[in-house]
Amino acid sequence: MAKTVTDVICPFCGTLCDDLEVQVSDDGTKILEVYNACAIGAEKFLHSQAKDRITRPRMQQEDGSYKEVSYDEAVEYTAQMLAKAKKPLMYGWSSTSCEAQSVGHEIAEAVGGVVDNTATVCHGSSLIAIQDVGIPSCTLGEVKNRADLVVFWGCNPSHAHPRHLSRYSIFPRGFFTGKGHKGRKMIVVDPRNTDTMKMADVGLQLEQGRDYELLSALRVAFRGEDLPDVVAGIPKERIYEAAEMMKNARFGVIFFGMGVTQSLGKNHNIDIAIMVTKDLNEFTKFSIIAMRGHYNVTGSGAVLGWQFGFPFATDLSRGFARYNPGETTSNDLLRRDECDAVFVLGSDPGAHFPISSVRKIAHLPSVAVDPHITPTTEISKLHVPVAFVGIEVGGCCYRMDNVPIESRKVVEPPEGMMTDTDFLARVRDRVVELKAQAPVGTQSTAEAQGA
Amino acid sequence: MAEYLIKNGFVFDPVTGVKGDKKDVAIRDGKIVDSVSSSAKVYDAAGKTVMAGAVEVHAHVAGPKVNEGRNYRPEDKLFGTRVRDSKDTRMTGGFSIPTTFKTGYSYAKMGYTVVMEAAMPPLYARHVHEEMRDTPIIDQGAFPVFGNNWFVLEYLKNNEVENTAAYIAWLLRASKGYAVKVVNPGGTEAWAWGLNCLSVNDPVPYFDITPAQIVKGLIEANEYLGLPHSIHIHANNLGNPGNFQTTLDTFKLAEGYKTNNKFGREQTMHHTHVQFHSYGGDNWGNFESKADAIMDYVNANPNLTIDTGNVTLDETTTMTADGPFEHHLTELNHLKWANVDVELETAAGIVPYVYSPDIKVCAIQWAIGLELALLAKDPMRCFITTDHPNAGPFTRYPRIMKWLMSKESRDERLNTFKHADKVISSTLLAGLDREITFYELAQMTRAGPAKALGLAGTYGGLAPGMDADVVVYDINPEGPFTGEDIERAFTDASLVFKTGTLVVENGRVINNGNKRTLWVDAKVNENAQVMRDVEEKFLKYYSVSLKNYEVQGHHYIPNPYAIEVDATSEV
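Protein sequence lines, in the order shown, are assigned to chains A and B. In this text, residue positions in the first sequence follow my numbering: the first is 1, and each later residue adds one. In this text, residue positions in the second sequence follow my numbering: the first is 1, and each later residue adds one.
These are calculated hints, taken from the structure and not from any lab test. All residues carry an ideal CB built from backbone N, CA and C; glycine is no exception. Treat the hints with care, since some could be wrong.
Claimed, not checked - Just some of the chain B residues that point at chain A, by a computed CB distance under 10 Å:
no.	residue
1	Arg-73
2	Pro-74
3	Trp-150
4	Val-342
5	Asp-485
6	Ser-543
Sequences and hints are given; from them, build the entire structure.
Rendered as structure tokens:
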């Protein structure tokens, strides 16, 4: 016999599907089968069941080998590291719950740390563009119920957000979209002939790095002005055709991804994509939505926002919150040797940062909190494995359209494993103790100014 | 047993009718009491003003649009960012859209102990509650928006008031909401297609219902349930020259309805930020005040309460569930526009705005807000707000009090506008000599809003048995004092007690208090049709499943204060 847990939230990508069904053994310790999830989501659930999973913290020795330590020792090491540091970088936060993020921020405030999330190498440029020009947007259910034109720009949901097309954007039949995909037009813009592009009504395979030009050409076309014969490798007739489709849509939406946020032009690409959307609202109704990656990177930006006022790259080292991308962003801090300790939770910079940054982490006091073994845990002095959020413990997560959903606990974590919220709460309490003991003159700037 | 005695202050309390007499206020275990033992801690308030904690009836302080405002305006943090007050408080930042910690501390320092979040999109209710959880000290509730909700539109098209009421009860529980908020009824749904409803008779696309039908139906459903608050409306046609007529049309929709509640509430409609709805003229050139026409109606109709929405002449961040208005505004001022349409429920827009004293229209708006309060015959039905942050940040309340309480201060402002002559000729303010008294101020900021919210037994007064939210301001009401003295005194209270805990002393936050979240738990007869409709809409049209919709759990609402309403009837 087995029991089935329904309406399970998938803690993988920003699509945050909430219709999974998970079959669990009677004693509630084992996941037997995962239904409705995409291949990536199902694998995340099943991977949590791995026999060789690390269940206790481990400290890297000088010879590179690992020694198992207790959670108590891990808490002490982490608290000491953070309390002693002048400006620790506290990075990640995108694969954990909002409650954990909140406790992490308390620690950062107490030690004068810099809190940065994965947007720093992902949609940070989108956030900067929004600060420049705003963003007309909508929830994914609006797309499902109303959209008759969907544009995917620099993103490939067929692989990166596999259920996006079927749950929200292309296939579903909504209130005003009873014909499903037959009633929707699909435009895909990408330098590659991706699997998403292959489905498109209009595929614009532009020259790499020419997104800004093409977006700008669309704005020209909306106004009926003249274009050069070819822009970004696309003949002008096709640009006019796409522009007319967009203007004539009843409800349109642009989804965009890392193809535009981290290629040549960065935030300027998003800036003009938003202006394209704003222009279209002169003619019809149009929205634009970022295809956020991690399942709760959006939540990290939200919690940082209401607690400190900025969505990422938030420097608390002066006792008040500062934000200056390019200065307070993780890679800039690491490469300029501005931080003296690194704490990573809910992300894997070892796999995604430039090697010059990864080398710096390897040479600094460092703690990585992650259920998996990752390139980051391999270069950190201390690896603290924790229960999987969304599988072994619940917590609030924000979908790519900022909709908050409470994730579910499906099974018990392996015996004696801590959750990240519990671990962080213990580190916070210990940090507060250490800071209270610190002799005058060794306090962080925050403490000195606050006192 | 915690006992406090606040001695010898000049007490202003509309609930007990005390008008500035020298009296003692006694507190025991979080409540106001008649007397305390000799072991009570004594605070001397001689020469100072004592009032109950103030009650905020309408402010946008928590939730998705507030937070989008914070995140997309880093420039708002250039000023007003501060290190911690003490080891027990958090760092703060932001001016027009402060962080949650700053929101809690700033309200508390001004003596506000209850704050209502004015617009909660139900799908984002968790976000609203997470922010309120992180807003220290003040008790809060949030108003879910109903005026463009598909369930409501469909039920009311067929006059199904009982079903509407059952759905309201269900949604208040699911979102842990406090009252029925209506924003641009029908117009925001129209906005999903880029359209709007500018009068109470403009039909809503597809749904084939008018704003008038929505408003009347929601009043009926609200009174059917007997909720503590009335419907809380932001009418159609906000912000446009000549819109006072739409406002009067909206007021008239409430005529003929009787209140039904056990909370002592007397109004059937609360109209919010009326300043934005009191405009004459038909373009920005002949734009003028119609505060007199509006207040004539309000004064004559006791079934109405209003709040002002005073313009504070600051750079601020406008945000509203009136999606089409924000698009209109960005076309007007060309500043950055954010918008979110929310499936089946609502929408919201955000645009920064600079209310410049050098711009005629802004100065007229400033005058209209003050005129509304000065023309109000019953201060128990007219409350001071800035529709924070829309007409200005709530931290400017003391400045508004200065303008209302000192003719000299407001004339000084009025006469130094760049276009003073035009402003004076388009408004009534220069001819208004009234100065709001301390007692009237207590009505407009304490007893009045508490009563309108159905919370008169708990907040807004100093009668024995009420919550011990007590504020001491360092100003002698017997004078002499200047306008500046008023602003200073009401910015940083000398003492603030929140449910009997001293949270502010001499303008510094010393305790994070015992914050509660208010919500209304309305019981209705089982309604199979509504539950079937709910299940169907979630299955077919929502992007989240029904089981993942309801806000539950300690990490959203650690300290709930549920107000129960029983609207079940024998079948």
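Taking the hints in turn, this is what the structure says about them:
1. Arg-73: Constraint on B/Arg-73 satisfied, holds at 7 Å.
2. Pro-74: Result: holds, 6 Å to nearest chain A Cβ.
3. Trp-150: Holds. Min distance 8 Å.
4. Val-342: For B/Val-342, the interface hint holds, since the closest Cβ of chain A sits about 5 Å away, which is under 10 Å.
5. Asp-485: 30 Å, violated
6. Ser-543: Status holds, d = 4 Å.
Hint 5 from the list above is the single one not met by this structure.
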